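J.: Sequence:
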Amino acid sequence: MPAQFADADATFMRQALASAAEGVRLGHGGPFGACVVREGRAIAVAHNTVLRDRDPTAHAEMNALRAACRALGTHDLSGGVIYATAEPCPMCLGAIAWARLARGF
1 MPAQFADADA TFMRQALASA AEGVRLGHGG PFGACVVREG RAIAVAHNTV
51 LRDRDPTAHA EMNALRAACR ALGTHDLSGG VIYATAEPCP MCLGAIAWAR
101 LARGF
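Heads up: the sequence shown is residues 1 to 105, going by the numbering used here.
In short, the hints are calculated from the structure, not lab data.
From a predicted model like this one, the values you see are computed outputs, not experimental measurements.
Cβ coordinates follow ideal geometry from the N, Cα and C atoms, glycine included.
Every clue listed holds true.
Distance windows between CB atoms, simulated:
id	residue 1	residue 2	range
1	G27	R103	26 to 36 Å
2	R52	G94	20 to 30 Å
3	C89	R54	16 to 26 Å
4	R25	G73	24 to 34 Å
5	R25	H75	27 to 37 Å
6	G27	D7	31 to 41 Å
Work the whole structure out from these sequences, hints included.
T.: Structure below.
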C-alpha cells in the first residue's frame, strides 16, 4: 500500500463502501464492495452478489472486474487500480493478477 492515501483514493474507496452497503441492504450477499479505476476514472463499481446469484464466485472484486472488462471491451486492465472493502480472497487475487491491474487498496 502506498505511504499516502490521496483524496482520489478516498473517493474511490467511498464508492466501493457505498456499493457494499447497498448490496447488504438488498440482501445480495456479504458486506463487500469493489471499484475498478483506470486513468483516474471509475470504470466499474460492484458488490458481492453470492446470495442473489447463487454463485460462489460472485465476489465484489470478480463482479467489478467482469464489469470493467465488459465496459472497456478487453480482459487487459493494465494500469488500473482496484479498491476493495476487504482483503481479496485467493480467487480474487488471481483474477486481479490476470487482469494485470497495477495496484490495489
